[in-house]
Amino acid sequence: MFPAATDSASESIHERVVMQQGIRSGLPIIVAVHSTALGQAIGGCRLAHYPDWRDGLTDALRLSAAMSDKCALAGLPNGGGKTVVPLPPGRRLDAAARQRLLHDVGDVIAALNGTYATGPDVGTGPDDMTTIAERTPHAFCRPVPAGGSGDSSQHTAVGVLAALRSVCSERFGSADLSRRSFAVLGLGRVGGHVVRMLADTGAKLVVSDIDEDRRALADQYGATWTSPPDCLTADVDVLIPAALGGVLTPQSVPTLRCAAIAGPANNQLGTPGTADLLHERGILWAPDIVVSAGGIIHATAVELHHETSTQATTRVRGIAETLTGILRAASAATATPAAAARHLAGQRIRHGTDVRLAEGSWSGHEQADQDQHGQQRRPA
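For the sequence shown, my numbering begins at 848 and goes up steadily by one.
Hints were generated in silico from the structure; no laboratory data involved. No incorrect hints appear here.
Label pairs and their in silico Cβ distance ranges:
| no. | residue 1 | residue 2 | range |
| --- | --- | --- | --- |
| 1 | Ser1025 | Thr1161 | 17 to 27 Å |
| 2 | Gly1199 | Gly937 | 39 to 49 Å |
| 3 | Arg1164 | Ser1025 | 11 to 21 Å |
| 4 | Phe1019 | Gly873 | 52 to 62 Å |
| 5 | Glu981 | Pro898 | 28 to 38 Å |
| 6 | Gly1020 | His1153 | 38 to 48 Å |
| 7 | Gly1020 | Ser1099 | 21 to 31 Å |
Glycine included, C-beta positions come from ideal geometry on N, C-alpha and C.
When you get a sec, could you build the whole thing from the sequences and use the hints?
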């Protein structure tokens, strides 16, 4: 039977949570350190509007736990953490206010004495990491001229392509992307790179974004432009969610016409049970915490572990092997890939990153996404 859900990192208690008012900005700053079992905790710095600061705390706890699973599955010697600054609704930051806030963030991280390092996330970018680094050395993904590895979006896209080859090999019997059709939902920095890379393979593309200005990218690469709802339900081989999460729900799953799903958007499943709904429909879903790991793999390898960019890129392409192992183990156990990923992450956190998920080494017949109280959970 499938082991208890406590095998997942997201089921364990956080090691440390700091909630502090910035001395310069007066804004609440939350840093959640979920686990340092494998090494220094890492996670992005999120600046976003929330109805209440407690919603930001909930996000920090959820996202930091997911980072522990992501790092473990990526084979990184790191645990999971997260920085969240919950901005009040309508609050806008000018350049000076932003600098004050980021210096406050840097001070909070500095006080953790190296147990946690931060990188870009929603609302922040490489230049913001340079500002944080004025107060602490524990900030990564800074621009290259500032001594960092730069924008991680292209490396995330390289990881997505590696994952797509794995998914296509398992679902269609060939890793040749030129023979497949894809729907890319979201043409931001990562989604844009994915479109360019897929176009280079000769794949058939359907794309969409809420920003109509990004239609130019579709025209440039010969992709079919459509609305976001129609992109989600496009009749394609593989759907690639590359925008915000929560697009896969009990309501949307019955409308899907794809055979597989693999994309860099975080938190794709609206509810934990959605993984089971996809499984029941025969739609192969690649866990987002595996597919989206390329950026963090490259940045940490170069900036925190001092590897060359070439070495780091080799690690990013290893996402294909990791995902193939998860998909095959899930198939052998007649379980969901989400359950297999959770189990492997928990095993690696407890026993080290050399743990491998052997096909048939566990059974997924129990409710993998339920805790001891019967409540469904998932790595966010």
